[in-house]
Amino acid sequence: MRNFEFHRPQSVADAVTLLKGNDAAKLLAGGQSLLPILKLDLAQPSDLVSLAKIPGLKEIRSEGGDRGDLVIGALVTHDEVASSPEVRQRIPGLAALAGGIGDAQIRNRGTIGGSLAHADPAADYPAAVLALGATIVTDRRSIAADDYFTGLFQTALGADEIITAVRFPVPERSAYAKFPHPASKYAVVGVMVAKTAGGVRVAVTGAGSKVFRLTALEQALTENFAWRAASAVEVPPGDLRTGGESSPEYLAHLVQVMAKRAIQACQ
Amino acid sequence: MSDQGLGASVARKEDRRFLLGKGRYTDDVTLPNQSYAVFVRSPHANAAIRSIDARQALAAPGVLAVLTGEDAAADDLGGIPCGWTITSKDGSKMVAPPHPALVKGKARHTGDPVAMVIAETRAQAKDAAQLVEVDYDPQPAVAHLNAAVANGAPQVWDEAPGNVCFDWHLGDAAATDAEFAKAERVVAIDLTNNRVAPNAIEPRAANGYYDDVEDRYTLYTTSQNPHLTRLLLAAYTLKVPEQKLRVVAPDVGGGFGSKIFHYAEELLVLWASKKVGHPVKWTSDRSEAFLSDAHGRDHVTHAELALTADGKFRALSVRTLANMGAYLSTFAPAIPTYLHATLLSGPYVIPAIYAEVKAIFTHTVPVDAVRGAGRPEATYLLERLVDKAARELGIDRVEIRRKNLIQPDQFPYQTPVALQYDVGDYPATLDMALQAIDYGKFAERKAESEQRGKLRGFGISTYIEACGIAPSALVGALGAGAGLYEAATVRVHPTGSVTVFTGSHSHGQGHETTFAQLVNERLGIPIENIEIVHGDTDRIPFGMGTYGSRSAAVGGSAIYKAVDKIVDKGKKIAAHLLEANVADVEFEDGKYRVAGTDREKTFGEVAFTAYVPHNYPIDTVEPGLEDSAFYDPKNFTFPGGCHLVEVEVDPETGVVEVVDVAIADDVGVIINPMIVDGQAHGGLAHGIGQALLEECVYDTEGQLLSGSFMSYTMPRAADLPSFKVGNHVTACTHNPTGIKGVGEVGAIGVPPAVINAVLDALAPLGVTHLDMPATPEKVWRAIQAAQGGAA
Ligand SMILES: Cc1cc2nc3c(=O)[nH]c(=O)nc-3n(C[C@H](O)[C@H](O)[C@H](O)COP(=O)(O)OP(=O)(O)OC[C@H]3O[C@@H](n4cnc5c(N)ncnc54)[C@H](O)[C@@H]3O)c2cc1C
Chain A
4 MRNFEFHRPQ SVADAVTLLK GNDAAKLLAG GQSLLPILKL DLAQPSDLVS LAKIPGLKEI
64 RSEGGDRGDL VIGALVTHDE VASSPEVRQR IPGLAALAGG IGDAQIRNRG TIGGSLAHAD
124 PAADYPAAVL ALGATIVTDR RSIAADDYFT GLFQTALGAD EIITAVRFPV PERSAYAKFP
184 HPASKYAVVG VMVAKTAGGV RVAVTGAGSK VFRLTALEQA LTENFAWRAA SAVEVPPGDL
244 RTGGESSPEY LAHLVQVMAK RAIQACQ
Chain B
401 MSDQGLGASV ARKEDRRFLL GKGRYTDDVT LPNQSYAVFV RSPHANAAIR SIDARQALAA
461 PGVLAVLTGE DAAADDLGGI PCGWTITSKD GSKMVAPPHP ALVKGKARHT GDPVAMVIAE
521 TRAQAKDAAQ LVEVDYDPQP AVAHLNAAVA NGAPQVWDEA PGNVCFDWHL GDAAATDAEF
581 AKAERVVAID LTNNRVAPNA IEPRAANGYY DDVEDRYTLY TTSQNPHLTR LLLAAYTLKV
641 PEQKLRVVAP DVGGGFGSKI FHYAEELLVL WASKKVGHPV KWTSDRSEAF LSDAHGRDHV
701 THAELALTAD GKFRALSVRT LANMGAYLST FAPAIPTYLH ATLLSGPYVI PAIYAEVKAI
761 FTHTVPVDAV RGAGRPEATY LLERLVDKAA RELGIDRVEI RRKNLIQPDQ FPYQTPVALQ
821 YDVGDYPATL DMALQAIDYG KFAERKAESE QRGKLRGFGI STYIEACGIA PSALVGALGA
881 GAGLYEAATV RVHPTGSVTV FTGSHSHGQG HETTFAQLVN ERLGIPIENI EIVHGDTDRI
941 PFGMGTYGSR SAAVGGSAIY KAVDKIVDKG KKIAAHLLEA NVADVEFEDG KYRVAGTDRE
1001 KTFGEVAFTA YVPHNYPIDT VEPGLEDSAF YDPKNFTFPG GCHLVEVEVD PETGVVEVVD
1061 VAIADDVGVI INPMIVDGQA HGGLAHGIGQ ALLEECVYDT EGQLLSGSFM SYTMPRAADL
1121 PSFKVGNHVT ACTHNPTGIK GVGEVGAIGV PPAVINAVLD ALAPLGVTHL DMPATPEKVW
1181 RAIQAAQGGA A
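The listed protein sequences correspond, in order, to chains A and B.
For the first sequence, my numbering gives the first residue as 4, with consecutive numbering after it.
For the second sequence, my numbering gives the first residue as 401, with consecutive numbering after it.
Hints in this document: simulated from the structure, not taken from any laboratory.
Be aware that one or more of the hints could be misleading.
Okay, derived cross-link-like pairs now, SDA-like style, lysine to any residue, Cα gap no bigger than 20 Å in a straight line [to be verified]:
(1) B:K712 / B:V798
(2) B:K846 / B:V1059
(3) A:K188 / B:L1105
(4) A:K188 / A:L38
(5) A:K213 / B:M1110
(6) A:K29 / A:T167
(7) B:K1178 / A:H184
(8) A:K188 / B:L1120
(9) B:K1178 / A:R244
The following block holds chain A by itself, in its conformation from the complex (with noise of 0.2 Å):
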């Protein structure tokens, strides 16, 4: 690890104007993902940012009533919404999937905002944003999640753009089925089958460069909200990982099976 400069901003604005203009500076959340990648020299940051003073970004609320949406603060840890009764009560798929992310230890400090802002292709938020049709908020504008991903680590993020919430709106029902890395415990394949106002969306994290939706089985759960659906699932060979430790074969195999456990657990 390199030397930085470490900065603890009071505000947004403060922070994005510490970004700006400075390619080498870093935003630094729950820092689950960036300080390893310090610690291994992949990275060597001039700057870091820290969000860790900035009020209003730790709020789990919802929006508008009952039916309104539920928005949860960016740097929210993986385990405060595992554990918010808010989310448990109103998106039970969501907060069980934060609580099978990583282990205990990522849980209490890594961050929503930062796990999309790193858009890992295995990690667990982008499948739940993708299949419940949430919106990244950010300093600027709200993105929607089908535009959000756009490659591998990639996002539609600017260079000085600062997620503040994510905002979802609440399905009928939800779950997310995980296939964990044994090692790593990231998603090797996850699931996420989402009954929504506008449909059925189902998502797959894990299982390719970047998150993807399986428009085949949502037309299907559409039509019949049925496990036996995810079995005559075709998952299109382009949208799978080569090269990795999992064939592809295997991991067609496997977004079958988490796609049917997903949609066993709506039930």
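Starting from the known structure of chain A, arrange chain B with the ligand on it as the hints suggest.
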């Protein structure tokens, strides 16, 4: 029995400092004017080195030196020696290629050290290491055994055609052939034993210091055997006489074999310290550990068992390829030979055995002893083969073992593969384990699992192992370059407290407690008043260290012998004080007593008299109470037992869950049952890790793909059930303690039980074979293949 002696589960004395984070490890030692070394390691598995340009690195801030293989050669540094020579079938000696501490001209595995950068801080050394420009000419490499022995394979060493290091055999080929020729049944198996990384929690580290006033070197290092390291430094690598060398292995955070060996870094920090005039410290990080700690296992084996139609074993024939890696590590050649083939009789009567072992060079990290070292490989192939035989002959798996076990009245039992087992009771441990797991109700449990969509399997392994290594004359005759006795000095202080200086080394085993219990057992002194000193060649007698589950059996016996001498001398002193004949004085419960009377002197009184010899038999007895012993074992010791495993397989995903483990071991006399259980638990975790999770994966270019804990899966508590651990004791007959050894039994016995259980679970689906580790994808593929699927 005192409440702290043999059989007492006293809490470990050393745990206070470990639990408070106050252990003192090699990396905690920082000396005045400390400097730091970082190694530039080859990113290629096989590459010629055209040139090394260190100019930029030398100009970087804080850099004191950049040293290369040329510098080492110019200073006549010795290569890293191999301590065991194997003689091939044809009488030729094994090929022992040079093993320079820093490579010259050619790198032969990813991680091979190419240059050493020394700077005032570790960060500066790290930065500067990136500035060393090495011009590599990468060449085709070979990492896997079958590829390495194929025609036209890349050659690791010109002097080892076909990559063969040695081609060795053991046993009676003719007798074995004859049995096979007339065999009623023959069962064959092909399997691999997966390569594993040792992964001690504390990575290796070395801090070397040359004192130019005293003209003396001090090395702090993560070693299981500091005297062996000093010997090799003195005789082969640094070439400095022993009295000019001090090697200290302070607290060491686990070894599992990997810290037995003399590594290049230990030599290089000493050498560099003299060159730069500062102490030089190197600490491996985890990624570096994967590329530089000796790995373990990595065998490919074909084996055949000849049986009678009713399942009696008649003969065993084994052909093994053993991966040595690119260089020969300190004990590497002994592992697949004398610690493997000699174990092939297992706990069974097998009238004829013949084993051939070919050791093969590849462009990979050297392979040497890892917990169990050869014995897990032998047990694995034998227990897999026995299970397969049971299945093919339609005999119950428990019954086929019962039928062939050596019976208690057959000891001493001479195997056809050199070893003579002194004692054991294998049927007893088999029964004990079966009872612990409630074998009779397995079918009910299987049905219950099935209701949850899980396939349940039962797996068994009956095993023996050889530890307490080893008679020096025997290992010498087999090619060892060292003796394998152990040494102890017992110093009784004037007020009756005791310090023991032992050649064994504790790196997690709990010697500070168990050795004190041994002394307590004999002298009756509370363990709080007994200190165990180990790990510093300036303080301890020349001893061989800790590995092969030898410390209690060999090191403990040395302590017993030294204590015997103390007790005897004390008798003479006590006789004088009690005005009795020496022959009439007995020692019991910490007291010298004139037999048949109540006249007695405590051990403390006698000790005091020895140091304040006013009223003393000064003409015949020297003052003081201190003695030493070297104990050379008469034979190996032979722990054994039975390991049972139940698994549940999720047929949809291939995930295997170990749901029950019951073991019954015979590890000889037990000093501290709690520590014995702990050793069994650790060994089981290790063995289950090898069976299901762990593997060093090399690609065909020799790149290590599983080089971090994000991909190399270590077993964790959540991967394991609660273990049922039982012991049935038969005392070792040839050492004074009766102890056999416990450090490795878990890692030896359990892997085949796990795989046998998985295969039992999958048998209804038609799966008949799996190699370790049984990862979910591998299991899923086996199911697909058996069901005629695409996989
Ligand atoms: C051993 C291990 C296991 C793990 N297992 C899992 C797992 O099973 N599932 C899973 O999903 N994840 C897993 N993770 C990752 C973990 O969830 C991280 O916490 C998460 O990916 C990043 O969140 P963070 O708050 O720690 O972000 P940081 O590490 O602080 O930052 C990550 C990146 O996001 C940027 N960033 C942070 N916050 C913002 C923001 N508000 N706006 C814009 N950019 C921002 C940073 O600049 C940085 O580039 C694991 C991590 C480890 C080390």
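Consistency of the hints with the structure:
In summary, the hint linking B:K712 to B:V798 is supported, as the alpha carbons are separated by about 13 Å, within the 20 Å threshold. For the proposed pair B:K846 and B:V1059, the alpha carbon gap of about 12 Å is at most 20 Å, so the pair holds. At most 20 Å may separate the alpha-carbon atoms for a hinted pair to count; A:K188 and B:L1105 meet this at roughly 18 Å. Only pairs whose Cα atoms come within 20 Å are accepted, and A:K188 paired with A:L38 is accepted, the gap being roughly 18 Å.
Using a Cα cut-off of 20 Å, the hinted pair A:K213 and B:M1110 holds, with the two alpha carbons roughly 19 Å apart. As the CA atoms of A:K29 and A:T167 are separated by approximately 15 Å, the hinted pair is consistent with the 20 Å bound. The hinted pair formed by B:K1178 and A:H184 meets the criterion: a straight-line CA distance of about 14 Å does not exceed 20 Å. Between A:K188 and B:L1120 the CA atoms are separated by roughly 16 Å; this keeps the pair inside 20 Å, and the hint holds.
Note on B:K1178 and A:R244: the hinted pairing holds, with a Cα-Cα distance of about 18 Å set against a maximum of 20 Å.
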